[in-house]
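Engineer: Here's the letter readout for the chains.
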Amino acid sequence: MVDMTADTDQNDAGELRTADGQPLKSSLARAQRRARTRAAILVAPLLLFVLITFVVPIGQMLFRSIHNDGFTMHTSISDGVKTPIMVNLRDWFDDNPRGTEPDEAAYEALVMDLRLLRELRAPGQVGTRINYEHSGSRSLFTKTARRADRLEAPFKEAVLDVDEDWAEPELWSAMRTASNPYTLSFYLAAVDMTTTPEGDIVSVDENRQIYINLFIRTLWLSALITGLCFLLGFPVAHLLAILPMRTSNLLMILVLLPFWTSLLVRTTSWMVLLQSQGVVNDVMVAMGIIGDDGRIQMMYNQIGTIVAMTHILLPFMILPMYSVMRTIPPSYARAARSLGATSWTTFRRIYFPQTIPGIAAGSMLVFILAVGYYITPALVGGSDGQLISNLIAFHMQNSLNWSLAAALAALLLFGVLILYWLYDRLVGIDNMKLG
Amino acid sequence: MALATYASPTEKAWYYAYRVICALIFVFLISPILIVMPLSFNAEPYFTFTREMLTLDPAGYSTRWYDLLLTFGMEAPDGPRDGSWWADAWANAAWINAAKNSVIIGFFSTILATVLGTVAALGLSRPEMPFRRIIMAILISPMIVPLIITATGLFFFYSWSGLANSYVGVVFAHATLGIPFVIITVTATLIGFDHSLTRAAANLGASPTTTFFKITMPLILPGVISGALFAFVTSFDEVVVVLFIAAHDQQTIPRQMWNGIREQISPAILSVATILVIISICLLTTVEILRRRSEKLRGLSPT
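So the sequence lines, in the order shown, correspond to chains A and B.
Quick note: the first sequence, position 27, residue 732 per my numbering, numbers continuous.
Quick note: the second sequence, position 65, residue 73 per my numbering, numbers continuous.
Since the hints were derived computationally from the structure, they do not count as laboratory data.
The beta carbon of each residue, even a glycine, is placed where N, CA and C say it ideally should be.
A few of these clues could be false.
What the hints assert, rightly or not - With the Cβ distance kept under 8 Å, some of the chain B side facing chain A (calculated, not the full set): (1) 37; (2) 38; (3) 130; (4) 137; (5) 165; (6) 168; (7) 289.
One chain only, chain B, in its complex shape (with noise of 0.2 Å):
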């Protein structure tokens, strides 16, 4: 919104004060977030900014903390940098450890929660399904109740069933949390969906599951991977679950952290805080991608 031309010099002023309010809590969401990236290729074991960084002295640059994420937990860390050494590091490396362990419950947590949270979606986005209001509270509320309080229940839930320390239990845990946002996206996607078109196909003769492959599948695939990417990065983050049920050797990148975090803060943390940054911009910029894909599909691309 232009600044009007009838503005009196108040509202002019306040126009100028209001944008540089917001510039300043625009810097104040985003600066944490950038901060960490210079400050991982501190040469010293400091957390701040040191006269050579500030001088831009290439000096006070180091990847020490980077090459430290590799050889941490490493059986012959100082070796030469050959074949024999990668294998180390890819088997015994601390965070290459925690990355697999993530990767890996993330994956299938993903997977279920995106399998089961689409199908049930397509029920509940259908009008003349049953209870809509009360079974929607009941799938949505993973989000809604502290991680805390669902970390405890599954405790006891699974020191009782036998899952603890356990990859199937951490993943129906991690689904069982991701599934909300699969939830969401999906339906947030079916509002706008022409059910006339899946209508068409059923009068040109194609069977129900021709149709929602054919037809329904493509038109929610973007809400369905931004659905999968939140329940992907609700895995990748949680901390809370996997302290209470996992075993001591499931660690995962977040328990590393977390741990890191406790015993002794170093800036091979904030590496780790940029690659994990750097991994959250390529999903926002996919999720960005698949929504205006999805609204243009949609025939509802900003004017």
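Chain A with its partners taken away, still in its complex shape (with noise of 0.2 Å):
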């Protein structure tokens, strides 16, 4: 009776009100919008903040892979002007299509260029870039630039005869591919591709070969790295979940201690204990294993690389599959026992499916971190223990080629994302725990 009564009383006002004559769906609305508008401004500052010192770096990273003015554009180091440069070959290379002779025109553009680098001392900076394409032009542009003012016409021969390497096509497509300060040719570099001077893309050369081969050694090293772990951090996470508190509370710490150790200290310790002299080694020949002559090398080579990595990262591993664990009712596993089954097929069959979200979750989050390790296999890897961040780290700093190391950072980020969105997925950044 009472609801038919207020049915009627809504009937007749037409909507819901509250108390102070607003309409109830209005009113819910604003303050819905209000709610929203509260917990988005305690947000934004955050927000703001990693979008500023975060994802706009790595967005000029992205940038600076696509893009790099070396040959167009010349900066002033004193003052910051900035002068076009190499106009008149880009001109040439605008008119005649990829594959033309370099013809006498081309030759004249050239020295023109090669005229006003020498004038702002930039032949290095133009040399460098046509040097990451084609190794081996930084001298001939310096030298050639040196010269340039007394070059005279015809200007081919002229210019043939500082350097017969002029003549060669791969430079000249080189050129053309600098040409456009915008280019994927980095991105070519970084999985060990070319343009040839007919403008095909084709891999490099067998024994150039570097970084196909080495994020196939990342990839591999990862998952052997994130086998491991699960193999070692599988039997220690399930005792934590099966003792009873208090203990494994206590227990827990030996995981969590490694988990808070610097990583630089702990890499030291590997460092220690597996020199050719260190403590591995000297309990080894102690206990009579191998001979004092027949210790084995650990270190700086890929062993030194998966042992340490594999300490590094077992406490991620330990960790989600522990609190997975944790919530099995160990019912389950009694009732498959009283129903006959042998232990073996209770852990096959009930135990071991309900634990695989916590192994999702730690494998994948050992494997995205493994993927990008630097610090560890730069100090204990050696030459083959190395992995795909040494090497734009190398990029960066020894060879400055920023915008190769910049493409194999965006290709190493692009695998990262495409994990850590599958990781999102499955396992939800929101049940991420630490310790």
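Both chains are sitting in their own frames, so use the hints and assemble them into the complex.
Structural biologist: Here it is, written out as structure tokens:
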């Protein structure tokens, strides 16, 4: 009866209203909007901060990977004035399709451009840019630019007189590629590809391929380390989950302490342990497993990287598995046993399937972290234990080919983001736990 | 889980074998961290136990590497250890300067990360937060994206914006890296948060600010502090970004270690490592105490 009256009232009024006469619907919408705004305002400062200090820098890095104006623009170090360079040659490239034999006009344009470069003291910059595509070009540019003022027509012979390498079609192809500041050539280089003078994209020589192999090695080592972490982490996580809380809390410290210890400390410890004059070798010699002259080289190679990284990443595997295993009711296993299953069948059919969410969470986390590891491989990896991150650092700090470093980093980032997205879909980042 | 009385001999054997395997894995986990402690007291510049050390002969042990930490970089390391010697050490010793830098950078980046992160976590834990999932993914990503990529990006960004070689730049970068940890720990605390408490406070006439400081803050404080500790450790342990964007004279402890390991590894590194392990033991203890406190506050005390 009461309901019916209320219904009639509502029909009379047309709609429900709040105490102050507003329609309930719009009042609710306003309240919800206010709540949403309030939540958004709380998050906004941090989001802005992360956008500026993290997302923008990464965007800048991505831009750098497709943009290099080393061949097109000179920026003065003293006053920051920008001067377009190689203008004549770029015009010639625009007028002639790829594969055209460079003619007298092309060489004339080159000499004019080199004269400007000499004035700006910039032949090194341009040479370096071309050197990325075609090695040995830097000295060619500096040498020819030095004599550019004295070169006279016919320019083709004059330039070739300075150095015959100017006739190489690969060099002209590289200059054509570099004449556009926006280029994918660094991505091609990052996957061991190159552009032929005819404009075809081909793989570089078998024995000059570096990056593909390194990507494969990075993935393979990360997978191996993830597998090892799983093998070592599963029993420990299981034990921690089935022990009484008091004992497992104590044992948990043994997992958490490595987690809290500085990465460099743990890497240093492994260097100390694995040295050929280190503790592990000493113990093995003392136990008579190996002779004093048969000490095993365990550092500065892949073994070092694998052992140290497995140790460092193991807590990231154990913690998510543990938090899943803790919630599995032991009564399921007991029910299986009472229905006649052997302990192995119980484990295989009942217990293990329930732990898979934890395994997935831990494995993905370890794999994601392993793929981008830098410090540990750099210190204990030697030459064959290096990962892709180490090469990015090499190109950033030693070879100074920043665009190639950015392209390699972009490829790595792309892979990591896919894994991250998968992780979010399968596990959910809300469920990430720290200790 | 105790061994069942009906267990077969194989199961009994496996029960013990399993525990032995687990014990070995625990040894694998913990021994590298503990091994540096005795080795840092080695009297010889070796990285292994000498015969004197194994026989517990006092002659095999010394604190010379700890002493080297103080004197390395000093102007007059051999003078008498009076006030001016200590002043010299405080001003010039390389490791002390590195420690000062690490603490300064760690302190400010932790404050920044904790304040921004806590406020954002309050917003993120509200169910009405729009685009919650994607924003969360962005805020957590500094933890997932490989450090070398972050460092590369920051290198370009800072050399473009002029923040390179400055403390502010390093502090901002470290704050960004610490933020995911604050977000994760604080949101985890807020999951068990009883929102009727804030409503009750509002009902009793408290303003939102009063409610936050009198009701919400004390309850989430353990989570905030552990988040802050995580952020501090992240900054204190970070070397890649520092290598890429900091000036040459901005040495931090990890950077000094990194240089030390790459150039000539000496047991002095082990004494630093020992000190750092002791610091991390203290931090871990604090976090564990806080976690238990938080569980007790929220009525989740372990059974």
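Engineer: None of the hints should be skipped; say for each whether it holds.
Structural biologist: Each hint, compared with the structure:
Interface hint at residue 37 (chain B): satisfied, since its Cβ lies 5 Å from the closest Cβ of chain A, which is below the 8 Å cut-off. Hint on residue 38 (chain B) holds. Least Cβ distance to chain A is approximately 5 Å, under the 8 Å limit. For residue 130 (chain B), the interface hint holds, since its Cβ comes within 8 Å of a Cβ in chain A; the closest pair sits about 5 Å apart. For residue 137 (chain B), the interface hint holds, the least distance from its beta-carbon to any beta-carbon of chain A being 4 Å, beneath 8 Å.
With a cut of 8 Å, the hint placing residue 165 (chain B) at the interface with chain A holds, because the nearest CB-to-CB distance is about 4 Å. A cut of 8 Å between beta carbons decides the hint on residue 168 (chain B): the least distance to chain A is about 7 Å, and the hint holds. Below 8 Å, beta-carbon pairs count as interface contacts, and residue 289 (chain B) has one with chain A at about 7 Å; its hint therefore holds.
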